Amino acid sequence: MRMLRILAICCFTLTAALGLQPVQAQPGQTTVEYTAAPQSTDIEMADALRQDGKIYVVIVVLLTVLVGVLFYLIALDRKVGKLEKQLKDEFVNR
Amino acid sequence: MKKNWWKILTVLLLVFTVVAGMLSEVPRLAILNETIRNLYFHVPMWFGMILILLVSVAYSILYLRKPSVERDIYAHEAAKVGILFGVLGIVTGMEWAKFTWGEYWSNDPKQNGAAIGLLIYFAYLVLRSSFAEQQQRARISAVYNIFAFAALIPLLFILPRLTDSLHPGNGGNPGFNAYDLDSSLRLVFYPAVLGWTLLGFWIVNIKSRLEIIRHRLYENA
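Here the protein sequences line up with chains A and B, keeping their order.
Going by my numbering, the residue at position 30 of the first sequence is 30; the numbering climbs one at a time, nothing skipped.
Going by my numbering, the residue at position 64 of the second sequence is 64; the numbering climbs one at a time, nothing skipped.
The hints are simulated quantities; they were obtained by calculation from the structure and are not laboratory data.
Remember, predicted model here, so these are calculated numbers, not experimental data.
Check before you lean on any hint, since a few could be wrong.
Claimed, not checked - Here are the simulated BS3-like pairs of lysine-lysine, each with C-alpha atoms no more than 25 Å apart in a straight line:
1. B:LYS80 x B:LYS3
2. B:LYS66 x A:LYS82
3. B:LYS2 x A:LYS88
4. B:LYS7 x A:LYS79
5. B:LYS3 x B:LYS207
6. B:LYS98 x A:LYS82
As the list claims (entries may be wrong) - Restraint ranges, calculated between C-beta atoms of paired labels, are given here:
7. B:ALA115 x A:LYS85: 22 to 30 Å
8. B:ALA123 x A:LEU87: 29 to 37 Å
9. B:ILE158 x A:VAL57: 40 to 48 Å
10. B:TRP6 x A:LYS88: 37 to 45 Å
11. B:SER106 x A:LEU87: 46 to 54 Å
12. B:TRP5 x A:PHE71: 12 to 20 Å
We treat Cβ as the ideally placed atom computed from N, Cα and C, and that holds for glycine.
With the hints as constraints, model all of the structure from the sequences given.
Pasting the structure below:
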């Protein structure tokens with residue numbers, strides 16, 4: 001039951017992250033989030049990439065990997081927890 | 001659930017690291033460009049490694065004071081996860097170095113020191129696996145673990161500072177303190193270090209519990 005709840009929260013977070021992306025990736029929007037300091041304009045940064053909004057794609061991919069690995073870890077944690085409980089019960093029954 | 005709050009904190013910190021690490025404002029620096037963001041992913045590997053290995057040493061000392069199987073297991077698992085972080089640190093460092101320093105391995109004193117330090121810790125694993133008897137294995141590896149950590153500190157933090165190094169904060173190079181005038185890097189860097197380190201402790205926690213279960217099982221078989 002608790003597993004399902006966590007799964008639901010994860011799905012929500014992922015869809016929220018995906019839903020955020022097109023909003024910020026509007027090609028028509030020309031809001032410049034980061035402006036270069038005048039004296040350092042010659043240093044290239046990923047401004048264009050951000051205006052295109054494509055950096056959010058990378059964030060979604062990174063988050064997917066991170067969430068996947070963390071979920072694996074949580075599942076492992078639970079499995080070990082269950083084993084611990086089983087072992088404890090066995091000691092009590094003996 | 002109450003004693004697992006730090007695992008939730010780990011998840012939140014790592015999600016924050018990825019999102020803020022990619023989006024936050026960073027100083028505009030020549031050569032480094034956007035790779036400065038590696039500060040949130042490469043450097044925490046080393047901070048995490050040192051902190052996890054410190055825990056490993058602490059358990060080794062505790063073991064020598066009052067031997068118990070649990071303390072030996074904690075020391076061993078922490079050392080293994082510390083080594084994992086060290087390997088990830090060296091690989092990410094090489095990837096970063098290729099595109100900023102020009103070569104994967106430029107014999108930088110800190111690179112060499114890290115490689116030697118990792119070899120010392122690999123020897124810890126080899127040493128451990130060469131004993132059949134549990135108490136002998138635990139005691140001798142605990143002693144070796146203390147020496148390994150004592151050797152790692154000068155290799156990573158003292159020797160590179162005495163010569164020329166490409167790493168920031170070493171050999172006359174400015175540290176990152178000189179860059180983050182507006183503290184924008186620190187804002188993500190400290191949570192990143194905490195998040196990655198806690199992730200390491202989480203893995204140590206799971207692996208140690210599993211090993212303790214395994215030990216109990218064999219004990220009663």
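Structure-based check of all given hints:
Only pairs whose Cα atoms come within 25 Å are accepted, and LYS80 (chain B) paired with LYS3 (chain B) is accepted, the gap being roughly 24 Å. In summary, the hint linking LYS66 (chain B) to LYS82 (chain A) is not supported, as the alpha carbons are separated by about 29 Å, beyond the 25 Å threshold. Proposed proximity of LYS2 (chain B) and LYS88 (chain A) is supported: the alpha carbons are some 20 Å apart, at most 25 Å. Under the criterion of a C-alpha separation no larger than 25 Å, the hint pairing LYS7 (chain B) with LYS79 (chain A) is consistent with the structure, at around 16 Å.
Annotation: proposed proximity of LYS3 (chain B) to LYS207 (chain B) holds, straight-line Cα distance about 17 Å (limit 25 Å). For the hint linking LYS98 (chain B) to LYS82 (chain A), the alpha-carbon distance of about 45 Å lies beyond 25 Å, and the restraint is violated. Checking the proposed 22 to 30 Å range against ALA115 (chain B) and LYS85 (chain A) shows it is violated: the Cβ atoms sit about 43 Å from each other. The beta-carbon spacing between ALA123 (chain B) and LEU87 (chain A), approximately 34 Å, falls within the hinted interval of 29 to 37 Å.
Hint check: ILE158 (chain B) to VAL57 (chain A), Cβ distance near 43 Å, so the stated range 40 to 48 Å holds. In this structure the hint that TRP6 (chain B) and LYS88 (chain A) lie 37 to 45 Å apart at CB is violated, the actual value being about 23 Å. Checked against the given bound of 46 to 54 Å, the beta carbons of SER106 (chain B) and LEU87 (chain A), roughly 51 Å apart, stay inside it. One distance hint, 12 to 20 Å for the beta-carbon pair TRP5 (chain B) and PHE71 (chain A), holds here, with the actual separation near 18 Å.
In summary, the numbered hints that this structure violates are 2, 6, 7, 10.
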